[in-house]
Amino acid sequence: MLSEGGSFMKGMMLGAVFCVVLSLIANITTETKSDEHHHHHHVKAASKDDLKRLTDDQIKELNNQVRVSCIIMVQPKILVYWATAMDTWSKHCDKAVFYTSESSKALEAIDLNEKDDWARLRKALKHAYDNAGDLQWFFIAQPTTFAIIENLKYLVLTKDPKEPFYLGHAMKSGELEYVSYDSGIVLSYEALKRLVDVFKDEDKCPERGRALWKLSEDKQLAVCLKYKGVFAENGEDVHGKGLFNSKSVDSLISNSLKENPSNVVEGCCSDIAVTFGGMSPNQMQVMMFGVYRLRPYGHDFQDLLEFHPPVGSDND
Amino acid sequence: MKALCSRFSFYAGFVVGTFTLYVFLRQVWYERSVPVRSSNYDKIHDYQLRLEQDRKVWKKDRSALFNLEHPHRKGEDSQMADELYKKVRILCWVMTGPNNLEKKARHVKATWSRHCNIVVFMSSVDDPDFPTVGLGTKEGRDQLYWKTIRAFHYAYEHHAHEADWFLKADDDTYVIPIYFGRRFKPYTKQGYMSGGAGYVLSKEALRRFVEGFKSKTCTHTTSVEDLAMGQCMEKVGVVAGDSRDTALRETFHPFVPEQHLTAKFPKSFWYWSYCYYPISEGPNCCSDISVSFHYVDSKLMYLMEYYTYHLRAFGYKYRYQPPVPSGYKGLLDSPPNAPPALNIETAYKMTNLHLVPYMTKIILFSNILTC
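Sequence order for the protein chains is F and R. Numbering follows the UniProt record's numbering, in which position 21 of the first sequence is assigned residue number 21; successive positions increment by one, without gaps. Numbering follows the UniProt record's numbering, in which position 23 of the second sequence is assigned residue number 23; successive positions increment by one, without gaps.
Restraint-style ranges between C-beta atoms, simulated for each label pair:
id : chain 1 : residue 1 : chain 2 : residue 2 : range
1  : F       : Leu-54    : R       : Gln-79    : 22 to 28 Å
2  : R       : Tyr-318   : F       : Asp-203   : 50 to 56 Å
3  : F       : Ser-280   : R       : Val-57    : 32 to 38 Å
4  : R       : Glu-102   : F       : Phe-301   : 32 to 38 Å
5  : F       : Asn-131   : R       : Asp-77    : 36 to 42 Å
6  : R       : Glu-102   : F       : Ala-83    : 40 to 46 Å
7  : F       : Tyr-227   : R       : Lys-103   : 53 to 59 Å
8  : F       : Ile-78    : R       : Trp-270   : 33 to 39 Å
Because the hints were derived from the structure by calculation, they are not lab data. Only a predicted model underlies this, so the values are computations on that prediction, with no experimental measurement involved. Yeah, the Cβ is synthetic: ideal placement off N, Cα and C, and Gly gets one too.
Go ahead and model the full structure; you've got the sequences and the hints to work with.
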């Protein structure tokens, strides 16, 4: 009887120790995956004073330089998001190309015939680079993201696309700083050029990803770019507020209602936000109305650049 | 046998130990990872912050809130808006009740009502802190017309000389102040304005409403507030105006933007037979310079505030440009009560809130001349 009791106790002690050890290990591994916003690299939009210093000729040049090519990765299984993106924000890109994993009879896109997400992204980027024309900025999005392209242009207005820029909502995973996919990824021409170059290197940037350790595409992109000296940077406005949001505007307002009830709208989001992630098709139509149409009468902004409504569109 | 027993108890002990400690650790760590809920102290601090901010924005006087400053966005030129704000004074009164002060009316106070010159919250009970005016009625849907009658009488008696236009809204209406109303067809000859979408009376219309009750021309005909108001307006000769913009898009909306923009209302829905003007679904439903939306919950109220007064596309030249009121400069010089010297044709086509009052004033005055 006693020996049984004794072994029971021994078992209990060992079990307790085992549990503690296990949870300590789990804690350590989860800590490294935490998304701390490590603000080593920020890119801020130009202030009004910066812009006032520009001459008329410089402004004309910038108008041309700041054109954006949109790369939107779609799939037939999310057809309604694909259709909504086509009907809403993508109309404001200077060039919008949809890349799909398999073709759909309903909508037109470039069929890459590739099921692997990372390989598909590679092909899309290579295609975009080869067909860039004279466009210098590239924006990669998923169909659940809503982007305000004019505000993106404002962010990169005074940045030189011949420098490597890799912008968006910067996150950190362990030692790796990367730009989150669902809030949109911005690449300058130079960054894309270096990326396409490192694609050729199978060791540094393998096409199928390493077998055991499959990274998500946004992290994989960061790894490849890092080899060529291109680092992720967080896009912010003049006040330091993030411009790329991976949550929808509805959930951001809800959060702000709980956290700063006396200053809900100021505490939520920037006036010139660029992206919102996780938006439903209906929310996108409302945002289209809210951004490009609804406004109070009699308030004018003397913005430096002028962007005109796209031809043949009725919801903006 | 004994060895087996002891081994069994060893394993049992192992399992029990693991489980116990797991539960214990869960409790400890759970306390750490959950964010510290705001203590009572924080709640009071929050409330005080709100009061302080309110004091900067409003001046409380006789249960009404007088707006101290016209809110602007950073870096914008609001000359025209400011002029209109000073010239066309609007009193917004919000229909609410003691149960809705914290839930709904507070959000109205924090958002769109800041663009009215004066705001009065009408409830059944007096509340000097919020502040609300007690109308001495009971609460409930059937009390709506009584509340409306009393509220308009109150506004006329206390504030007639301080405002030119009187806007009525509910505590779940989001208004971008300036307009007339969403016209409904049935039960009246000239139509009546939807109560939920909000409606505006000019000072003359308000005067006639009050006189109508004094002379018993208007009475409490029905508890359906917006219909009753429409019937009274017809009797006292106030014309129901057309509040659509120059592209013939509606500006006052009885539902939330998402429904107007995306939903396909079934043909049997009452909305189809009620609207005075033809309904548009999709993007053509709503004017760029829309005035109001109904059934707006608190989250949507702040979201609308964000869309209307904050979020914008840099450098974007809007497709729809509302015309500047012709004779705008002339209007600013002439006193507000004199009949404006405007071409009736152009007046009819003007848009946007502060402009609509000019349009409807003309209709009103032309009505006086003919009857």
